[in-house]
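J.: The residues making up each chain are set out below.
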Amino acid sequence: MSQLIQLAADGTASIVADTWVRVIPPAAGEESVRKQAGKVVLFKLTGEQTFTAEQIANTQIPASGHILVPLAIWEARKAELQSRLDRGELGIVLATNETAEALQAAFADLNTLPLIAIFVERFADGRIFTLGNWLRTRFGYRNELRAIGDVLRDQLFFHKRAGFNSFLIRADRSAEDALASLNDFSQPYQGGVADVPVWRRIHRA
Amino acid sequence: MYKYDPIDQQIVNERVAQYRDQTRRYLAGELSDEEFRPLRLQNGLYIQRHAPMLRIAVPYGLISSKQLRKLGDIAQKYDRGYGHFSTRQNLQLNWPKLEDTPEILAELATVEMHAIQTSGNCIRNITTDQFAGIAPDEIIDPRAIAEIMRQWSTFHPEFALLPRKFKIAVSGTEKDRAIVQAHDIGLEFYKDAHGHMAIKVWVGGGLGRTPILGTVIREHLEWQHVLSYCEAVIRVYNIHGRRDNAYKARIKILVKALGIETFKQQVEEEWSHLKDGPLTITQNELDRVAKYFEPMPYKTLPAHNASFDAAVAANPAFAAWVKRCVQPHRVPGYRAVTLSLKPHGKAPGDITSEQMHVVADLADAYSFGELRSSHEQNLILADVELSDLFAVWEKARAAGLATPNIGLLTDIICCPGGDFCSLANAKSIPIAEAIQMQFDNLDYLHEIGDLELNISGCMNACGHHHVGHIGILGVDKDGSEWYQVTVGGKQGNDASIGTVIGPSFSAEEMPGVVQRLIEVYVRERHEEERFIDTVRRLGVAPFKAHVYAEKETAS
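Going line by line, the protein sequences match chains A and B.
According to full-length UniProt numbering, the first sequence is numbered sequentially starting from 1.
According to full-length UniProt numbering, the second sequence is numbered sequentially starting from 1.
Check before you lean on any hint, since a few could be wrong.
[Stated by the list, open to error] Quick list of in silico lysine-lysine cross-link-like pairs, DSBU-like style, CA-CA up to 35 Å: (1) A:LYS44 <-> B:LYS3; (2) B:LYS256 <-> B:LYS544; (3) B:LYS248 <-> A:LYS44; (4) B:LYS165 <-> B:LYS175; (5) B:LYS291 <-> B:LYS66; (6) B:LYS256 <-> B:LYS165; (7) A:LYS44 <-> B:LYS175; (8) A:LYS44 <-> B:LYS323; (9) B:LYS191 <-> B:LYS346; (10) B:LYS165 <-> B:LYS346; (11) B:LYS66 <-> B:LYS3; (12) B:LYS395 <-> B:LYS291; (13) B:LYS291 <-> B:LYS175; (14) B:LYS323 <-> B:LYS544; (15) B:LYS477 <-> A:LYS44.
By construction, these hints were calculated from the structure, which means they are not laboratory data.
None of these values were measured; they are calculated from a predicted model.
Please build the complete structure, drawing on both the sequences and the hints.
T.: Here you go:
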């Protein structure tokens with residue numbers, strides 16, 4: 001069963017087959033767990049390098065089909081991947097420590113990308129919401145914007161309002177159950193990417 | 001006060017349903033501890049030392065008699081018959097069962113209350129001055145804006161999982177009583193040269209492990225832009241704030257690391273995309289919300305009342321209470337009354353269910369059915385007629401709520417500490433109680449005069465010890481509890497962070513240490529000089545010398 005929830009233009013949600021293959025660089029030698037102040041640290045800082053040159057060089061890329069590649073790999077191996085982009089078979093995965101500006105700088109027109117995914121290592125990383133918002137409002141991205149990684153139903157309502165229109169629910173959870181959470185609240189107070197604050201939306205006596 | 005319309009009620013009801021399901025999934029093992037943690041925290045639920053702790057929101061400190069009765073009933077039914085007012089003007093229950101929390105939230109929703117965002121890494125309850133709307137020195141009543149900000153921050157889609165908690169305070173008076181400089185964002189309202197409502201914006205203040213006073217990021221912001229500007233600030237923080245180390249994750253660290261100029265530049269760049277957009281508050285919306293905060297139906301009363309004057313003259317105990325617990329009011333013939341939740345020998349800020357009922361009755365009989373909670377952890381009847389003060393005093397006194405110590409040494413701000421809080425390194429309530437008992441002589445207390453003593457059980461500084469004239473911080477040394485003393489902290493427009501005077505003390509030593517600090521003050525003070533001013537004039541050296549000299553002699 002697919003774990004991918006997609007929103008149609010009219011806002012209806014359905015579970016659909018995921019036709020994209022995510023290109024994942026091999027794990028780096030020793031960096032997976034860093035310790036700081038006695039605690040295991042899992043968040044990368046904004047601006048921190050996401051993959052090493054070695055990881056990028058050693059990444060296997062499938063020869064055909066729709067591929068979702070990290071921004072760093074696109075930048076390093078553009079020549080090899082350009083034709084895939086031209087055929088509409090290439091999407092980008094942005095990590096939450098990468099910036100929307102970097103993504104924008106890498107493409108003349110973001111809308112040549114049929115899919116942008118933002119990967120959250122841990123669901124508690126709220127940068128995904130601001131990144132989504134920026135891509136939709138500041139950078140005018142209109143195609144599919146997908147939340148992937150540690151994606152749980154309890155954040156879906158926020159993802160949706162921050163501009164995401166597809167959600168790859170974590171493999172060990174039910175996408176079916178998660179559908180309900182997209183509508184946890186019917187009339188939010190503040191604006192989101194697609195709506196305005198309540199006082200501009202409806203008349204309140 | 002603000003009254004829910006169908007939209008507000010629906011949001012709160014939907015939250016109850018959402019949280020009920022989250023709790024069900026957690027108890028059924030479908031959510032891990034780590035996954036449930038931010039969810040329960042954003043509903044005010046901590047897992048504490050003895051039991052969960054539930055923090056119920058009292059938005060900007062306003063609460064109705066009906067709501068307070070409900071809180072009393074909830075404390076009776078689901079807890080041990082008392083609650084604790086916190087320095088964020090909220091009410092905490094110390095012993096609820098996790099399984100009961102959905103039901104508690106459902107009961108709260110029936111009186112337009114909730115526990116939304118009272119904890120967690122999101123925008124917390126917005127606080128303000130407990131005298132908002134009635135203070136004689138008020139320039140602008142900040143409550144309507146505070147309510148608009150409450151709504152904007154509730155389930156904000158972008159700011160649900162920030163690097164750390166985020167606290168906003170608003171002040172509309174000349175004399176700051178909201179400690180705007182100790183907040184992530186402090187909003188100081190004023191009237192500009194054209195008579196328009198404007199805001200001075202402070203950013204990057206906060207106490208805790210690294211106490212820093214805020215910096216002005218913008219001298220003049222038109223009120224219409226308050227949401228878009230705050231959104232710009234918090235966006236920059238959401239992206240660039242540190243997440244790799246919880247101790248360095250607050251916005252104050254980012255502001256310090258970048259420098260205010262660079263930070264401001266980033267905020268202004270972000271704001272340029274948001275300014276004049278849909279977040280701009282319309283006059284209509286401000287008017288709609290402000291309607292709920294219009295002045296109460298005051299009578300036209302003379303400024304003086306003969307029976308009140310006579311009672312003050314005839315009854316020294318009443319006079320002492322009036323002096324400390326009755327505050328001025330902008331409307332002639334009215335006063336604000338602070339009900340002390342600091343009786344000597346009891347935990348500061350605690351209130352029993354019975355007392356909540358008494359206070360609710362007092363509010364109904366004498367103060368338009370409304371109350372305020374203060375960050376000093378007391379309750380306020382904001383609109384009492386002069387001629388009713390004596391009756392209010394008698395009833396409050398019978399309920400143990402009229403200790404005449406507001407603003408005095410024993411009006412201690414104190415976190416729950418190691419008795420309740422799992423974060424604490426040391427107990428704080430017994431220290432407060434011991435100090436209150438040491439200074440139980442009311443005449444002596446009045447003689448010492450205005451003095452703020454703040455106690456925190458750990459460096460998270462919930463007891464705001466850094467800004468107390470005397471601050472006490474519980475520290476852990478080799479597994480035992482010790483107390484570090486700071487002197488010279490202050491809240492208000494000329495806020496300052498206190499200076500540590502030296503090595504820490506044992507719990508038993510603390511009343512004596514405070515006693516010796518007071519001795520220096522009494523010896524050195526000029527006439528009419530407050531403790532804090534003596535400290536500022538002399539520095540901490542003489543205080544330190546006396547405290548530690550005594551210690552050496554003793555040992």
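J.: Which earlier hints can't be squared with this structure?
T.: 1, 7, 8, 9
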